[in-house]
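**Q** Next come the chains, spelled out residue by residue.
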Amino acid sequence: DTGVSQDPRHKITKRGQNVTFRCDPISEHNRLYWYRQTLGQGPEFLTYFQNEAQLEKSRLLSDRFSAERPKGSFSTLEIQRTEQGDSAMYLCASSSRRGVEQFFGPGTRLTVL
Amino acid sequence: AQSVTQPDIHITVSEGASLELRCNYSYGATPYLFWYVQSPGQGLQLLLKYFSGDTLVQGIKGFEAEFKRSQSSFNLRKPSVHWSDAAEYFCAVGAGPHGGSQGNLIFGKGTKLSVKP
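Protein sequence lines correspond, in order, to chains A and B. When we follow the numbering used here, the leftmost residue of the first sequence carries the number 1, and every step to the right adds one. When we follow the numbering used here, the leftmost residue of the second sequence carries the number 1, and every step to the right adds one.
Just so you know, these hints were derived from the structure itself, not from any lab. All of these numbers come straight from a predicted model, not from anything done at the bench. Warning: the hint list may mix true and false statements.
[Unchecked claim] In silico DSBU-like cross-links for lysine-lysine, where the CA-CA straight-line distance does not exceed 35 Å:
1. A:K11 / B:K61
2. A:K57 / B:K49
3. A:K71 / A:K11
4. B:K109 / A:K71
5. B:K116 / B:K49
[To be verified] Covered by chain A, per the in silico footprint, the following chain B stretches (three or more residues, Cβ under 8 Å):
6. 37–50
7. 106–113
We put the CB at the ideal spot given by N, CA and C, even for glycine.
Take the sequences, apply the hints, and build the full model.
**A** Laid out in structure tokens, this is it:
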């Protein structure tokens, strides 16, 4: 396994711009999760996919946020009309059907100016 | 509602000294408990997990944790800390192996560990 990968690792954008992040899970992992981590806090759950189905969304996921996993493999997280409060580390994790743990990627650090 | 409390924001220990990081959880049933470690600017690495059975679990890098139901605690320990252990440590709880009913984990705010030479 090559591990969970995320792209880009860093993103700086101006307020009001749209940004998109990509997550590639461990191959054959059918579950994929997005979390957000702000400074001094633990990761907070955003959304969860099983294969291509988005099964749960946190109330943290406002209407400006959208996530997809079109073929049940990689996933994208888009933030529209970014705000300074969106500045955070966005973490992706995956787990297998039989797995008992979530494997995390290195994260994408977003800075909104 | 599920929650995790890590009472210590920052702990400093001397290299070679023992370590205990505290974690208290709130959950109505038997939880699934995890400890993760995060180095600066990196993702999270799983140290150990508890689902059932022996309440003392062994993990990677010489870490262990003990589940105490009566105290709703899952404290992380290491007998002798190495300088490379300096990082942030997160305790997490889920209602199942893949997380809670939302498929997610609930994390504490973390404890930052500094190691003195």
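**Q** Looking at the structure, which of the earlier hints fail to hold?
**A** Hint check: nothing fails, all pass.
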